[in-house]
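S.K.: The listed protein sequences derive, respectively, from chains A, B and C. Heads up: the first sequence begins at 1 in our numbering, then just goes up one per residue. Heads up: the second sequence begins at 1 in our numbering, then just goes up one per residue. Heads up: the third sequence begins at 1 in our numbering, then just goes up one per residue.
It cannot be assumed that every hint is accurate.
Cut-off 25 Å, straight-line C-alpha distance, at most; resulting in silico cross-link-like pairs (DMTMM-like, lysine to aspartate or glutamate) [claimed, not checked]:
id: 1; chain 1: C; residue 1: 437; chain 2: B; residue 2: 642
id: 2; chain 1: C; residue 1: 437; chain 2: B; residue 2: 161
id: 3; chain 1: B; residue 1: 170; chain 2: B; residue 2: 112
id: 4; chain 1: A; residue 1: 33; chain 2: C; residue 2: 155
id: 5; chain 1: B; residue 1: 396; chain 2: B; residue 2: 466
id: 6; chain 1: B; residue 1: 396; chain 2: B; residue 2: 469
id: 7; chain 1: C; residue 1: 437; chain 2: C; residue 2: 517
id: 8; chain 1: B; residue 1: 170; chain 2: B; residue 2: 160
id: 9; chain 1: A; residue 1: 33; chain 2: A; residue 2: 114
id: 10; chain 1: C; residue 1: 437; chain 2: B; residue 2: 112
id: 11; chain 1: C; residue 1: 437; chain 2: C; residue 2: 300
id: 12; chain 1: B; residue 1: 170; chain 2: C; residue 2: 366
id: 13; chain 1: A; residue 1: 33; chain 2: A; residue 2: 113
id: 14; chain 1: C; residue 1: 437; chain 2: B; residue 2: 469
id: 15; chain 1: B; residue 1: 396; chain 2: B; residue 2: 294
id: 16; chain 1: C; residue 1: 437; chain 2: C; residue 2: 374
id: 17; chain 1: A; residue 1: 33; chain 2: A; residue 2: 107
id: 18; chain 1: B; residue 1: 170; chain 2: C; residue 2: 300
id: 19; chain 1: B; residue 1: 396; chain 2: B; residue 2: 382
id: 20; chain 1: C; residue 1: 437; chain 2: B; residue 2: 111
id: 21; chain 1: A; residue 1: 33; chain 2: A; residue 2: 118
If you are wondering where the hints come from, they were derived from the structure by calculation, not from laboratory data. Note that the structure is predicted; figures quoted are calculated from it, not measured.
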Amino acid sequence: MIDLLTSHYTYVLLFVLLGLGIYMVIASENLVKKLIGVNLFQTAIFLFFISMAYIEGGSAPIVPHEGVPGEVMVASPLPQVIVLTAIVVGIALTAVGLALIIRIYAEYGTLREDTLREVRADE
Amino acid sequence: MVADLRPLAAVLVSAVAIVLIVASHRRPNLREGWSVLAALAKFGIIVSMLPAVMDGTVFRWSLAESTGIQFLAGIDFALRADPLGIFFALLASFLWIFTSFYATGYMRGLDEHSQTRFFASFAASLSAAVGIAFAANLVTIFVFYELLSLVTYPLVAHNEDNEARIAGRKYLTYTFFGGGVFLLAGTVLIYWLTSLVSSGPTLAFEAGGIEALATAAQAEPVYAQAAFFLLIAGFGVKAALMPLHSWLADAMVAPTPVSGLLHAVAVVKSGAFGIARVILEVFGPGLIRDLPLDVPGIGEVGLNIPVAIVAAFTLTAASIIAMRKDHLKRRLAYSTTAQLSYIVLGLSMLHPYAMVGALFHIPAHAFAKLTLFFCAGSIHVETHTDYISEMAGIGKRMPLTMAAFTVGAAGMAGLPPVAGFVSKFYMLIGAGYMGGEYWLFAGALLLSAVLNVAYFWPVVYTAFFESEDRHDAKPLLEFPRGGVLRSYGGTDSDDDHVAADGGDPTDRAETTDATDAESADEEEFEYAVDKYPSDHTTADGADATSHSADARASETGDHADDDDAPGHDDHGDAVDAVDHHGDHDDHLTGGPPADGWQRRSPFAESTWLMLAPIAVIATGAIVLGIGPDYAVFLELATRIVEGVFGMPFEELGGVPLDELVTEVND
Amino acid sequence: MSSIDLLLPLLIAVPIITATLPIALGLRYDRTGWSVAALTTTGLLAGALALASVVYTDGPVSHTLGGYPIEYGIQLVADEFSTLITLLVTTVATGVLAYTRRGGPRGNTFYTAYLLLVAGLLGISLTGDVFNLFVFLEITSIATYALVASGDGPEAAVASLQYLILGTVAASMYLIGVAFVFMATGTLNMIELADAIPAAERPVLIRAGFAFIVVGFAVKVAQWPLHTWQPSAYQRAPDGVTPLIAALVSTASAYAFGRVIVTVFGVDYLAAMPNAASIVVTVGCVSVLAGTILAVIQTEVKRMLAYSSVSQFGLVIAAYGVVIAGSSETALIGAIVHLVGHGLLKAGLFLAAAVVATSYGARTVDEYAGLARERPFVAGSMAVLLLVLVGVPPGVGFVGKWYIALGAVQSELWPVAAVIFLSTMLTLAYAARLLEKMYFTPPLSVGSADAPGSIATDGGTADADDGFAGTSTHGNATPDAVSIGMIAIVVGFALAAVALGFAGGTFADLLEPFITEVFN
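The task is simple: from the sequences and hints, build the whole structure.
M.R.: Written as structure tokens, this is what we have:
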């Protein structure tokens, strides 16, 4: 058990972050905090990709300037690309979410979910 | 098998007419003319195919062969004019010709709304009905079956009031449950079963049963039996088999031409026709015999027996229910329910004679029932009377109509020379040949004949042999089920009020005093006869208002406890206190006018648009009875059965059934 | 042919590029949005037809972006399944424009989002890479959130935010699934995965990956109980937007789910995976039942149609389950046909609802009373579409249902078959309600209070009071706000739905090469 924790601590952290993110989405009253929870959830996934792609002693996947003697262990570029793309997607989603939240705040004057529900029910 | 466009043309003629009807919605005569023209054209096309089909040619039109479009993978959308198909199509199209005249008279007589929608839906229904007749496989028949449910819905909900909407909802629920659920499930099962066999998946009808299905059923008998019951249930909804029948009585809110042609001829007969196809051309008598059910405790029961039992139960129970209906159309609806079960019963007895009887009953019942409905409709248009209890003496006003009604009623009961006799005769012989437990079914047939008389004769009697002011009590209509408690003995206080011979004036006074106190008007009567009316005296001039007031009051009243309420306003046994048992009373204007029915001559009682069809169809019922083979239908029926069993009809009588069905399998 | 495979990246890139045009041109000219969108979608439709003509005669077409080898490059593939979806997307996108010209949201930014949505949908249909699928799923979703939120009033924003949060979590679930699969196999290309997954050393990772992917798609396709975003999103979105998203977004997600099942994981592998088939089948069947029950109790028409989508997609998901459980080819044909057919039907239905709402402000079932008299063509088309949805033959709904039911019976999955047969009755329950109201119920009281004063945005006259009036008007509700084009497109969808009802055999023939490839 301890062995698992020390060698695969990133994966454990991954699930902790996933849990935290989901918890924030469900339990927070504030809309911005929900969005932060979503972000945390996505960040956890980035961590997942990175931890699976990590190679002990690997070098960056960049073609060196001059030839290299012998073999070089290179970390695969694919997960890094994946994470970069996913970060961009996450940014776009956060931007749209925040724009919606600003609009909701402008219309209803509150960022709290329970107040929002009551105000909407009154309409 | 000859490729021919005529089956498709027969179906499409009235579909084209729909467009023309809608386009001429501003010119009623032209619009009605399209209906008549389409009916004549349809009949003409079908008749043109008749001689060849009687000789054995089968005309076929297939979507895949004409256009290369496959309806579904491995399944073709095909129409086929074979003897059974042309049998039904001929009937439907012939009767439509006269119904279109009748419907015109009816709708104009009542000045109904949405007539364009009515006639367009009517044309569509006939298109779908002929499509069902000519369908060459289970999927095509399913397509037209669903379309028929759909296009008859606007006709059921025509009145657009709450009652019509509820009836429409019920109608859609029942027919789509039958069609979309049961029929589709059965069809899919059959497709799957036949695909297990090397001769490939097929759904096409074959006289004597689908061969591939017979082979597959040896391997998977349980699924084949399940498919059989699903198909019978699916078609049985439209054929009004109990307990799936209750939509039919409610559908009577539709205008009478609809009730007549559709709910006595096209729609319900398409259900019976579908059952005929299933028994004769999907499973076949041989396969049905080979798939007995294992009932614990009884042993092996033929697959057809449960169907026969349900049919026998339906025809008895529906006849009994019909006796208690005061609303004429509802009585006719329950009569239809019972008569359709004759067809199902005959088919499920599996003997060729019974099958011929069942098949012949399709046109026999159609002609007679259509006559009856047309009469009911013309009575409604001319006098706004819907309830039998108000029809006393109406024979004066509508002699031709009631004469035709008598003919139709005789046909229902199976009295020669009307057509109903021929079919019943064949079915009884068939049941006799089968022997054994089939005598029960013969018994049910005979019992129902008696019951038919029991519920039709009162109508004829009251129309011709009674008059508005002197007519008998009708305890069947008026008392609760099982009779009034006091007729079984009851308590002492009740005994005082039962006086079979008219009783003492003092007895009479007690009841009428109480009732007079409750009735709406307190009139001073000069004569004791008026003050203390006897049993059977009811509506007459001065009492017309109290009559209708009481009738109205008793409608909503609950008559279950009238036995121990001596002051209850039911005038003893008078018929004007009939509880309509939940029939919706929406015509408060029914019944004879204040000074009794006006005597009219047969030619002046109604418009010729309605009278001519009534006369023609009643005559047709008699013609069918006198010369059944001359009128083509019996010959077609024998031809169909010959095709199923594979031997000439004259020989079929001599061969025992077990040999017959093995002949089929060969 | 070398040039035909260039069509694939063009189909995706062109709408992305032209999406910038309405904003760019908007600096100078007003109201360029619709024209740009119309030109683009028509061009895309032409391209899709050209692609279809090649794919259905010669076989799949593929293109690798940038020429990179597929181990780490992105491949676009158009096979028989994806071409069908591409055709659906381009057809509906073009068709809805007939409505939005006069009825829909105005503004150049709206058309930018419209074109981005189309680009994302085409990307989902044409991609051959699982991570690329995630990216396009998110592009589609972002465009959808923007479109939903473009409705009037704050309710649209709330619905959109709810959709955003749920949709993002769902896409992230999908991404976790992809991560697990990538961890086990090291490749992202769908065709390579088909070989690599059965050969993976650690099957537990593959199973975990599949589980996360199923959950992600269950939210995206709005299956019960993860459907809660859909009714509000469809209801609150502007009337011109709902046909587009209802017909296409969940359809593309369901397509992606199907692609993952049959191409990436493979039917045989999933059949051997414990519980995979039963979970998919159960989710589908429960959605069928739950969706129809929830639909029947709705009063608002768009909400009712949204729940109807839940149940119809339930049929598709149940069909996928039957494909896995019974290796059923027929069920796969049925799922694909129903996917396409349902897309057309919902597009038509929501367009009809939009026309009615625009002209009469009628949004609830009760307000539809007597519609047939006032709007015979729209009511007639709506009736036809509803009946085809129920499964009345001939109609594309019947064709899909037939194949799915046949597949279930052939695989001897009797509960599933029973649910499919019963779904006819259940769909009839809510369809018949609307039919009865339109045709057989007299209209509500004549003359609403504010009709004479309402303004038509195109300057038309306000004469909305001839015998039919909804009891509430939403902004500019006048019969003149409806153009012939709007009615024509509704009628067109209805006719297409019936015409495709005769194409059951054609569908099976077109998909046959794909089916044989999947099943051996």
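S.K.: Any of the earlier hints contradicted here, and which numbers?
M.R.: As far as the earlier hints go, 1, 7, 14 and 15 are violated by this structure, in ascending order.
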